[in-house]
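Protein chains: 2
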Amino acid sequence: MKKYDKLVKNAAGRIVPEIINGNQSIPYKGIGKHIPSGRKHAPNIVSSINYPADGNKTVASIRKALERSGIKNGMTISTHHHLRNGDLVAEEVFKAAKELGIKDLVWFPSASFPCHAPILEYLEDGTINRIEGSMNGPLGKFTSEGNMKGMAVLRSHGGRYQSVQDGEVHIDIAVIAAPTSDPFGNANAVHGPSACGILGYALADYQYADKVVVVTDNLIDFPCIPMQIEGNYVDFVIEVEKIGIPEKIVSGTTKVTKSPDRLLIADLTARFCEEAGILGDKCCFQFGAGGTSLAIGLYFHEILKKNAWKARFAFGGSTQYMVKMLEEGTLEYILDAQAFDLEAVRSVRENHNHQDVSIFHAYNYHSKGNYTTMMDVVILGATEVDLNFNGNVVTHSDGYLLHGIGGWQNCLFSKCTILPIPLFRDRIPVIKDQVTTLCGPGELIDVIVTERGIAINPLRQDLIERVKNSGLPLKTIAELKDEAEKICGKPEKPELDDELVAAIKWVDGTVIDSVKKVKS
Amino acid sequence: MKKYDKLVKNAAGRIVPEIINGNQSIPYKGIGKHIPSGRKHAPNIVSSINYPADGNKTVASIRKALERSGIKNGMTISTHHHLRNGDLVAEEVFKAAKELGIKDLVWFPSASFPCHAPILEYLEDGTINRIEGSMNGPLGKFTSEGNMKGMAVLRSHGGRYQSVQDGEVHIDIAVIAAPTSDPFGNANAVHGPSACGILGYALADYQYADKVVVVTDNLIDFPCIPMQIEGNYVDFVIEVEKIGIPEKIVSGTTKVTKSPDRLLIADLTARFCEEAGILGDKCCFQFGAGGTSLAIGLYFHEILKKNAWKARFAFGGSTQYMVKMLEEGTLEYILDAQAFDLEAVRSVRENHNHQDVSIFHAYNYHSKGNYTTMMDVVILGATEVDLNFNGNVVTHSDGYLLHGIGGWQNCLFSKCTILPIPLFRDRIPVIKDQVTTLCGPGELIDVIVTERGIAINPLRQDLIERVKNSGLPLKTIAELKDEAEKICGKPEKPELDDELVAAIKWVDGTVIDSVKKVKS
Numbered sequence: 000m001k002k003y004d005k006l007v008k009n010a011a012g013r014i015v016p017e018i019i020n021g022n023q024s025i026p027y028k029g030i031g032k033h034i035p036s037g038r039k040h041a042p043n044i045v046s047s048i049n050y051p052a053d054g055n056k057t058v059a060s061i062r063k064a065l066e067r068s069g070i071k072n073g074m075t076i077s078t079h080h081h082l083r084n085g086d087l088v089a090e091e092v093f094k095a096a097k098e099l100g101i102k103d104l105v106w107f108p109s110a111s112f113p114c115h116a117p118i119l120e121y122l123e124d125g126t127i128n129r130i131e132g133s134m135n136g137p138l139g140k141f142t143s144e145g146n147m148k149g150m151a152v153l154r155s156h157g158g159r160y161q162s163v164q165d166g167e168v169h170i171d172i173a174v175i176a177a178p179t180s181d182p183f184g185n186a187n188a189v190h191g192p193s194a195c196g197i198l199g200y201a202l203a204d205y206q207y208a209d210k211v212v213v214v215t216d217n218l219i220d221f222p223c224i225p226m227q228i229e230g231n232y233v234d235f236v237i238e239v240e241k242i243g244i245p246e247k248i249v250s251g252t253t254k255v256t257k258s259p260d261r262l263l264i265a266d267l268t269a270r271f272c273e274e275a276g277i278l279g280d281k282c283c284f285q286f287g288a289g290g291t292s293l294a295i296g297l298y299f300h301e302i303l304k305k306n307a308w309k310a311r312f313a314f315g316g317s318t319q320y321m322v323k324m325l326e327e328g329t330l331e332y333i334l335d336a337q338a339f340d341l342e343a344v345r346s347v348r349e350n351h352n353h354q355d356v357s358i359f360h361a362y363n364y365h366s367k368g369n370y371t372t373m374m375d376v377v378i379l380g381a382t383e384v385d386l387n388f389n390g391n392v393v394t395h396s397d398g399y400l401l402h403g404i405g406g407w408q409n410c411l412f413s414k415c416t417i418l419p420i421p422l423f424r425d426r427i428p429v430i431k432d433q434v435t436t437l438c439g440p441g442e443l444i445d446v447i448v449t450e451r452g453i454a455i456n457p458l459r460q461d462l463i464e465r466v467k468n469s470g471l472p473l474k475t476i477a478e479l480k481d482e483a484e485k486i487c488g489k490p491e492k493p494e495l496d497d498e499l500v501a502a503i504k505w506v507d508g509t510v511i512d513s514v515k516k517v518k519s
Numbered sequence: 000m001k002k003y004d005k006l007v008k009n010a011a012g013r014i015v016p017e018i019i020n021g022n023q024s025i026p027y028k029g030i031g032k033h034i035p036s037g038r039k040h041a042p043n044i045v046s047s048i049n050y051p052a053d054g055n056k057t058v059a060s061i062r063k064a065l066e067r068s069g070i071k072n073g074m075t076i077s078t079h080h081h082l083r084n085g086d087l088v089a090e091e092v093f094k095a096a097k098e099l100g101i102k103d104l105v106w107f108p109s110a111s112f113p114c115h116a117p118i119l120e121y122l123e124d125g126t127i128n129r130i131e132g133s134m135n136g137p138l139g140k141f142t143s144e145g146n147m148k149g150m151a152v153l154r155s156h157g158g159r160y161q162s163v164q165d166g167e168v169h170i171d172i173a174v175i176a177a178p179t180s181d182p183f184g185n186a187n188a189v190h191g192p193s194a195c196g197i198l199g200y201a202l203a204d205y206q207y208a209d210k211v212v213v214v215t216d217n218l219i220d221f222p223c224i225p226m227q228i229e230g231n232y233v234d235f236v237i238e239v240e241k242i243g244i245p246e247k248i249v250s251g252t253t254k255v256t257k258s259p260d261r262l263l264i265a266d267l268t269a270r271f272c273e274e275a276g277i278l279g280d281k282c283c284f285q286f287g288a289g290g291t292s293l294a295i296g297l298y299f300h301e302i303l304k305k306n307a308w309k310a311r312f313a314f315g316g317s318t319q320y321m322v323k324m325l326e327e328g329t330l331e332y333i334l335d336a337q338a339f340d341l342e343a344v345r346s347v348r349e350n351h352n353h354q355d356v357s358i359f360h361a362y363n364y365h366s367k368g369n370y371t372t373m374m375d376v377v378i379l380g381a382t383e384v385d386l387n388f389n390g391n392v393v394t395h396s397d398g399y400l401l402h403g404i405g406g407w408q409n410c411l412f413s414k415c416t417i418l419p420i421p422l423f424r425d426r427i428p429v430i431k432d433q434v435t436t437l438c439g440p441g442e443l444i445d446v447i448v449t450e451r452g453i454a455i456n457p458l459r460q461d462l463i464e465r466v467k468n469s470g471l472p473l474k475t476i477a478e479l480k481d482e483a484e485k486i487c488g489k490p491e492k493p494e495l496d497d498e499l500v501a502a503i504k505w506v507d508g509t510v511i512d513s514v515k516k517v518k519s
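Chains as they are written, first to last, in numbering that gives the first Met the number 0: chain A, 0 to 519; chain B, 0 to 519.
Any copy will do: because identical chains look the same in the list, a pair fits if it lies in one copy or spans two.
Below, a list of computed lysine to any residue pairs in the SDA-like style, where the Cα atoms sit at most 25 Å apart:
1) K309 / D53
2) K94 / G73
3) K304 / D220
4) K323 / E349
5) K281 / H190
6) K489 / L473
7) K414 / D53
8) K414 / D220
9) K63 / D124
Think of the hints as simulated: they come from the structure by calculation, not from any bench.
If we strip away everything but chain A, and leave its shape as in the complex, we get (with noise of 0.2 Å):
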């Protein structure tokens, strides 16, 4: 099978394949461009008699379980990425379809981290064609170079869900990692060693997949309260030592920058906020977890406490900070569908105002309404952005794929969306003619916020106009990056060969752009 077939340009001007790894794909037509037709994936019925009376699920062993799953050559295996930088699980259970001698099976994550490297081992032989998913570190490099054999696709958190829902992706066996779990498979990410707060992205897998398999590390008597993954859904459940290495799943502390220019972003972008009437009585936002991001939220904590003002909701990642804010009674609530630090999954364990939520309701494109369009502001990052206000947030300027979409995507719908990045990163301007890889269209990014100025989408007038008397730095996008290049020179284009890797999709399910395989 050709890793891909029918070059065409899409609506965004971007080269992109019409087959993907065998598969017909929809270019990219443009924002709401491309209304879907047809029904949502139908998973098998199954009967409750070929289930255990007792409700006891139990198997022995991964590899027991993916047996009894029918595993074979081909499928689609899925994994979710709560477990973060310290997920023991997914590693395991390539060992074990290797063990079975199973090729060309498709990994299907919510996301990968570093902690997932020796997973190459599995890309290199065979047992794995390709990664449906996030690709990072060693994994973005051995894609990049062009070795995976099948070829790469990256979605959205959103669209991760939609692919799933909407049948594009058929998930054959999903296997979920869970922090406590009953012999029936219900099971929560709020109790036990390996605790991680919530287990939202494993919501497609478990409702879609045909087989669902559940590993922990804590089995405890049937009821598991609360039931975050529905046993219902469940075939197997498997008790293994350690499903994670703790420290690495959440960090004890989310750390805020200390870094002065990256302080002077985050105060820009607050102050912004603040004057262009966004922040109020009532609003709602999404700051990331990052250190910049997580100064924001410090800042909007600290600009609604002056003027009394409660926020309704933010929408997770949560943080520590975002904790302190609900505790502190600035926010009302907290949605949430990923706890980063210890006080977020204490926090989520506790307050019912903490509300662990899935990607499903926060993001899926063809639902009925997201929540991403009701946010008044959302802060992401970028590692390119355009003279068209074109993102770029998975490949580094030198061609190389170095991170997933996450949520990225999905919150470029909110009212507000502003990047906060450095000017320059390691003497490399961030800003440039076009970006290397289109994963969000101009369109949808309203403001970027460097150390040296803050550039508004001129498409968004009405913020100009709110902002204009503010004594704020205001620059045209175009005058930021002549003064990065000023500094730093005009950058290098990377050296990218014409064979592309990997493909993005956008929210809807199309494709908006593809990688280049880089020139090694």
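Start from chain A and add chain B according to the hints.
Relative to chain A, chain B alone:
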């Protein structure tokens, strides 16, 4: 369209139609004999761009929501019964449908109550073709006398979920009365003036219906927490003055029987469970909210307390008595699909160990396991039982349909199913040669407890063995029947017509019996 066609004798020896309301049906094949094939119902894929970006899905009225949902003749409209005898919403739906000139609707409630008597008007004038759900009081009389245009179909709670999941019943429009909702359609039943605790019966409805309409009398800002109904499935939200009459939704107090005979039955039942070793540490059980059941619950509480045992879980409907067990430490968890009184509503709102679950989790026969098979004992009622321990729960001895099946069929799969019933009601013996309507096969009914003795199903020699020296008044079912007939005389057979008015589904979607028209 003929109401039914092609009568055949099923595996239980009952005459049932193979065609019901124009649809092919499968006659009952025996317990665990029907293995389903095929795929679950697949709802249409939608796009979030067709929903309001601000998350505000409110429309002015139920009528407007029905219009915008594309209501047409012959569609199926579902409602839930969590507002019980205080429901004000179902009637309004059909009033609006009538105003729109719609005919031949199928009403698919999870149960109906005496408060739904006004819906007779819409059955009479052709707005509604038939009810697929439960029929009691005036609706039962109407059906039994052959006045319903279509053939009624009765399903267990679990069978209702199964029929929707498997695509047997396609819900065009689900109308969900919600005690609290936000404009996005996230909703719950733990807050608001019409709080009824839980909305789990509506799960199949919102997961699988084409259009989902939430009707609330307590509209709050997004996000409505907890999200017992997930707004991402919801199309329209309507605010009305009142969705229910609080005092008829939940009783302030559920009451234990004061009848000496019933108390004797309860005492015998509890003693049987103790002597048979069914009660013990970590045991699990279900008992209902009727007067006798509540007394059994109280006796269970005492037995557990006396022995310092803690039951692991009870499955609801929940009442103040179950909550007392939870709070006094004889019960660890309540898994609850329905709250029967105000204490239960409070508990489910406040107590993490009082967990709302849905019928899907407990009862859906076509899922990866059911809770019921794990239960050590369930306590159920019956209108009739027969010499083969077959049970009837829908018709009275005069042939009139007076009850829904509820969770009754689903619960029969417990490790020990006990029917505590009086030997006669209004001088009519309850034990018959043959039940008027077969709802549950005798193979699944283990023990009959009456005020004059206990009959154990001969299939359960293990139970007979365990209590043989207990001093409990053990009798055969034939002995109990003779005793009743000595007192009351042999009961007359109901006067029934050959015409069929209703079909009784088994938990797997097959047809276990049909109900004949009553000669009036």
